[in-house]
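Undergrad: Here is what each chain is made of, one letter per residue.
Protein chains: 2
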Amino acid sequence: MGKEGKVNFQLKTPKGTRDWHGTDVVLREQIFSTITEVFKRHGGVTLDTPVFELREVLAGKYGEDSKLIYDLADQGGEICSLRYDLTVPFARYLAQNNVQNIKRYHIAKVYRRDQPAMTKGRMREFYQCDFDIAGAYDSMIPDAEILRIVKEVFEDLPGWKGKYTIKINHRKILDGIFEICGVPQDKIRAISSAVDKLDKSPWEEVQREMVEDKGLDPAVADRIGEYVKLKGGREIVTRLQEMPEVSANASAKQGLEEMALLCNYLDIFGVLTALSIDMSLARGLDYYTGVIYEVVTEGSTPSASKNEVAKKSKKEKKNADPDEDRSNDPTLGVGSVAAGGRYDELVGMFSGKPIPCVGISFGVDRIFSITKARLDSSQVIRPNEVDVFVMAFGGRKDFTGLLPERMEVARALWDAGIKAEFVWKQKPRLQAQFKAAENGRVPWAVILGEDELKDGKVKIKEMGLLDGHPEKDGVLVEKVQLAQELKRRFARKEAELIDRTVS
Amino acid sequence: MGKEGKVNFQLKTPKGTRDWHGTDVVLREQIFSTITEVFKRHGGVTLDTPVFELREVLAGKYGEDSKLIYDLADQGGEICSLRYDLTVPFARYLAQNNVQNIKRYHIAKVYRRDQPAMTKGRMREFYQCDFDIAGAYDSMIPDAEILRIVKEVFEDLPGWKGKYTIKINHRKILDGIFEICGVPQDKIRAISSAVDKLDKSPWEEVQREMVEDKGLDPAVADRIGEYVKLKGGREIVTRLQEMPEVSANASAKQGLEEMALLCNYLDIFGVLTALSIDMSLARGLDYYTGVIYEVVTEGSTPSASKNEVAKKSKKEKKNADPDEDRSNDPTLGVGSVAAGGRYDELVGMFSGKPIPCVGISFGVDRIFSITKARLDSSQVIRPNEVDVFVMAFGGRKDFTGLLPERMEVARALWDAGIKAEFVWKQKPRLQAQFKAAENGRVPWAVILGEDELKDGKVKIKEMGLLDGHPEKDGVLVEKVQLAQELKRRFARKEAELIDRTVS
Numbered sequence: 200m201g202k203e204g205k206v207n208f209q210l211k212t213p214k215g216t217r218d219w220h221g222t223d224v225v226l227r228e229q230i231f232s233t234i235t236e237v238f239k240r241h242g243g244v245t246l247d248t249p250v251f252e253l254r255e256v257l258a259g260k261y262g263e264d265s266k267l268i269y270d271l272a273d274q275g276g277e278i279c280s281l282r283y284d285l286t287v288p289f290a291r292y293l294a295q296n297n298v299q300n301i302k303r304y305h306i307a308k309v310y311r312r313d314q315p316a317m318t319k320g321r322m323r324e325f326y327q328c329d330f331d332i333a334g335a336y337d338s339m340i341p342d343a344e345i346l347r348i349v350k351e352v353f354e355d356l357p358g359w360k361g362k363y364t365i366k367i368n369h370r371k372i373l374d375g376i377f378e379i380c381g382v383p384q385d386k387i388r389a390i391s392s393a394v395d396k397l398d399k400s401p402w403e404e405v406q407r408e409m410v411e412d413k414g415l416d417p418a419v420a421d422r423i424g425e426y427v428k429l430k431g432g433r434e435i436v437t438r439l440q441e442m443p444e445v446s447a448n449a450s451a452k453q454g455l456e457e458m459a460l461l462c463n464y465l466d467i468f469g470v471l472t473a474l475s476i477d478m479s480l481a482r483g484l485d486y487y488t489g490v491i492y493e494v495v496t497e498g499s500t501p502s503a504s505k506n507e508v509a510k511k512s513k514k515e516k517k518n519a520d521p522d523e524d525r526s527n528d529p530t531l532g533v534g535s536v537a538a539g540g541r542y543d544e545l546v547g548m549f550s551g552k553p554i555p556c557v558g559i560s561f562g563v564d565r566i567f568s569i570t571k572a573r574l575d576s577s578q579v580i581r582p583n584e585v586d587v588f589v590m591a592f593g594g595r596k597d598f599t600g601l602l603p604e605r606m607e608v609a610r611a612l613w614d615a616g617i618k619a620e621f622v623w624k625q626k627p628r629l630q631a632q633f634k635a636a637e638n639g640r641v642p643w644a645v646i647l648g649e650d651e652l653k654d655g656k657v658k659i660k661e662m663g664l665l666d667g668h669p670e671k672d673g674v675l676v677e678k679v680q681l682a683q684e685l686k687r688r689f690a691r692k693e694a695e696l697i698d699r700t701v702s
Numbered sequence: 200m201g202k203e204g205k206v207n208f209q210l211k212t213p214k215g216t217r218d219w220h221g222t223d224v225v226l227r228e229q230i231f232s233t234i235t236e237v238f239k240r241h242g243g244v245t246l247d248t249p250v251f252e253l254r255e256v257l258a259g260k261y262g263e264d265s266k267l268i269y270d271l272a273d274q275g276g277e278i279c280s281l282r283y284d285l286t287v288p289f290a291r292y293l294a295q296n297n298v299q300n301i302k303r304y305h306i307a308k309v310y311r312r313d314q315p316a317m318t319k320g321r322m323r324e325f326y327q328c329d330f331d332i333a334g335a336y337d338s339m340i341p342d343a344e345i346l347r348i349v350k351e352v353f354e355d356l357p358g359w360k361g362k363y364t365i366k367i368n369h370r371k372i373l374d375g376i377f378e379i380c381g382v383p384q385d386k387i388r389a390i391s392s393a394v395d396k397l398d399k400s401p402w403e404e405v406q407r408e409m410v411e412d413k414g415l416d417p418a419v420a421d422r423i424g425e426y427v428k429l430k431g432g433r434e435i436v437t438r439l440q441e442m443p444e445v446s447a448n449a450s451a452k453q454g455l456e457e458m459a460l461l462c463n464y465l466d467i468f469g470v471l472t473a474l475s476i477d478m479s480l481a482r483g484l485d486y487y488t489g490v491i492y493e494v495v496t497e498g499s500t501p502s503a504s505k506n507e508v509a510k511k512s513k514k515e516k517k518n519a520d521p522d523e524d525r526s527n528d529p530t531l532g533v534g535s536v537a538a539g540g541r542y543d544e545l546v547g548m549f550s551g552k553p554i555p556c557v558g559i560s561f562g563v564d565r566i567f568s569i570t571k572a573r574l575d576s577s578q579v580i581r582p583n584e585v586d587v588f589v590m591a592f593g594g595r596k597d598f599t600g601l602l603p604e605r606m607e608v609a610r611a612l613w614d615a616g617i618k619a620e621f622v623w624k625q626k627p628r629l630q631a632q633f634k635a636a637e638n639g640r641v642p643w644a645v646i647l648g649e650d651e652l653k654d655g656k657v658k659i660k661e662m663g664l665l666d667g668h669p670e671k672d673g674v675l676v677e678k679v680q681l682a683q684e685l686k687r688r689f690a691r692k693e694a695e696l697i698d699r700t701v702s
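If you read the protein sequences in the order shown, they are chains A and B.
Residue numbering for the first sequence follows the numbering used here, starting at 200 and increasing by one per position.
Residue numbering for the second sequence follows the numbering used here, starting at 200 and increasing by one per position.
All clues given are correct.
Identical chains share a label here; the pair holds if one copy fits it or two copies do between them.
Here are the simulated SDA-like pairs of lysine to any residue, each with C-alpha atoms no more than 25 Å apart in a straight line:
#: 1; residue 1: Lys-211; residue 2: Val-309
#: 2; residue 1: Lys-618; residue 2: Arg-227
#: 3; residue 1: Lys-239; residue 2: Leu-696
#: 4; residue 1: Lys-362; residue 2: Ala-615
#: 5; residue 1: Lys-656; residue 2: Gly-469
Please keep in mind that the hints were generated in silico from the structure rather than gathered at the bench.
Remember, it's a predicted structure, so these values are computed and weren't measured experimentally.
Model the full structure from these sequences, guided by the hints.
TA: So this is what it looks like as structure tokens:
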């Protein structure tokens, strides 16, 4: 083995996938842990479903996007596909096990054979973090709690406080408006998806699409324009309720009542200030049945990423099919960073017994890219969490390297639960040991010397790799008290750092 | 949607896969977190690779087992397969990025189209937890640290202390023994896999397989028998070194020297007592180049699970191909719970430049099953982590349900980072609220009453769901100090529980 030499194909991950390593994966883990903490604060229980499902389970759930589903090869036995999202597997789980109510969260990868655009964070394999509430409850209470979760996540993520907007609309209001304007039933879906583009395209272009491409009566399109341009705070609800034709429409009326109730709850929950009621938001109309929402942020707007896109798109084009590549389309931006809504009928598609559901999906890969860009460059992300580097120092020519002694000290630290490393050499140079500690930005060194060991002592030295203040000489401590002494110093240092942050 | 009624196929997860939910997934998360903590204590950095790889990457790495690889359908573009383990993707990553040294851990699912046997924990989709050290270091030091990691994991898992054995052997010793006995080069692999069955079959059966099935000279088989029956502590190394024919064989000699050095290091690391040097351990000979090891435990022996197997196998047989189903083969047991070794040539298969590697893979699904069975039934695993249930109590007929008040209190608790829930009803009955708290085994209740609220007060009551000692009446506290008061009580309770455990 190995003697055959190099493989005769390009070593790479499949298109649209990547390895996550180094400080990227550390930052992503921090994001996961922030999100998980919020999910648990609201009583979420976790569910883990298989990465592939019977193909029949996914069939008929994603409309035109079904062509993006990854299929497994037919190797005999069942026909399966990789999951496209976490929502359909969740609905399958509820129906299969007759679960009537649950708050579940699920953090896992999903798969879409879309044209990848790395610069936008659009990958074929990517993580979703979902929280969903299933069960029949009083109107809008779970919906309000989901939006409270959205707020907590973005308030807790580093660099996001106050930099996000929750755009919200209601499927029933939208349906009502289309009815009022005179959109034929069979055109509602096409018109919705045209309207949904209003965040990226000017009204004229959307209007042209509705009339020329979708064959809508221009007068109807004009009437739609009056409504869908509306956006703002809860006063939008009142304004619509005061329009006689709107309050006369049963669907719009109910949607607005629910939206008004939701605003009351969101006010109590402290979420209202982050909300933008936006009549142009129309996402996933074949799926959602009530409120729908999408979280956008500074930097997810097209202009911000234009430069970077132009710079990177050349490189990307090489591997991409030119007819499909939209990576240098500056109107795309990174899109939304979280999205969701109420879907009361999906479970019923499996069991015949609908279970009301409402949920949110966080797009972690996009959140990661934006968080990374916002991080202060002075903020150190350590690749690992090692606290102590155990080193040997010897001046004499017959220096043994003290390997057994370093091992013994490392063992004592591990026994005490302390994260510790040493260089795996019999006789490492002191320089190489310091270099290894520096690479890992390990905050503490324990230095072993032959003379000190004879007296039962070892030296502790703060490396200053985290705050730029290394200790000059370090201090000698009894070897038998080393772990205890280190723990005391960790605690003292932590208190110091907190004091410094506070003052 | 939903009106079409029930689907016309059986709602289930694909064969050999399952949903993880409820307390099972909580226990599994605890196992992950124990293992991750140990990995981090040793300076591990995490790597996350795609769930599928270019098929060429996996080709030629798994020998006969390649037939168990899941392929993705050819939908145009690259040809890919689901990963079979985490080791080959790790080697691909090292070669692709020219990484010369790393301690990496990876916890993720792998995929094998094997015949599933749920009772044994053999699934088609299952988790592996891997820790590997890549890089050229002084002999046996990283190998010793890997085995120290094995010890820490099993000492830290609940119910495992002292209940596991690390079986170890060395590829070079085994090669040497086969040479000494006169096994022809082209039969070494077949004879190895026969020898590997000695933990489940008597010597006579293994001997018969070597002679009758594999065509080995009976005299050679007898000679092998003398060596491979050897097992025990480090004295086995000395015994083999004292045999003149063994110490005359270059391969065996080197292997034994390395094993002796490893034993020295493991003695310092406190791992030696868990070790059993076992000349019959022969796993994965086409892959490993140095030490090989496998962790076994009480309950992973065949007899322990015999009964359960007999009970469940009938049910399983219905769905299984009878010619392949080994689920009721009582000789299988759950097998090993962790395994690994040194593989110095694998990376070279990709890049032509070998990088020495040594690692361990923990079989979490099996560890989960055994841990669950060992758990004291009195040990409560909570489905979620909610600390406080916010309730409304009203005696009067015109009781409003205090929904806005409950929401406001919940918000204050969430703001303080406290995990809290309330019932999503306008006017919930007190009984229903207590029931919901009980279902989640929520330890604390905050009870709102109209009269007390007028005085700016709320009641805190310890539910006694964790230790069976509910508070009789609870105490009234100022609403504005609720979060603070609760945190004080959490801390006091924790101190109490620790005191109780200590005394």
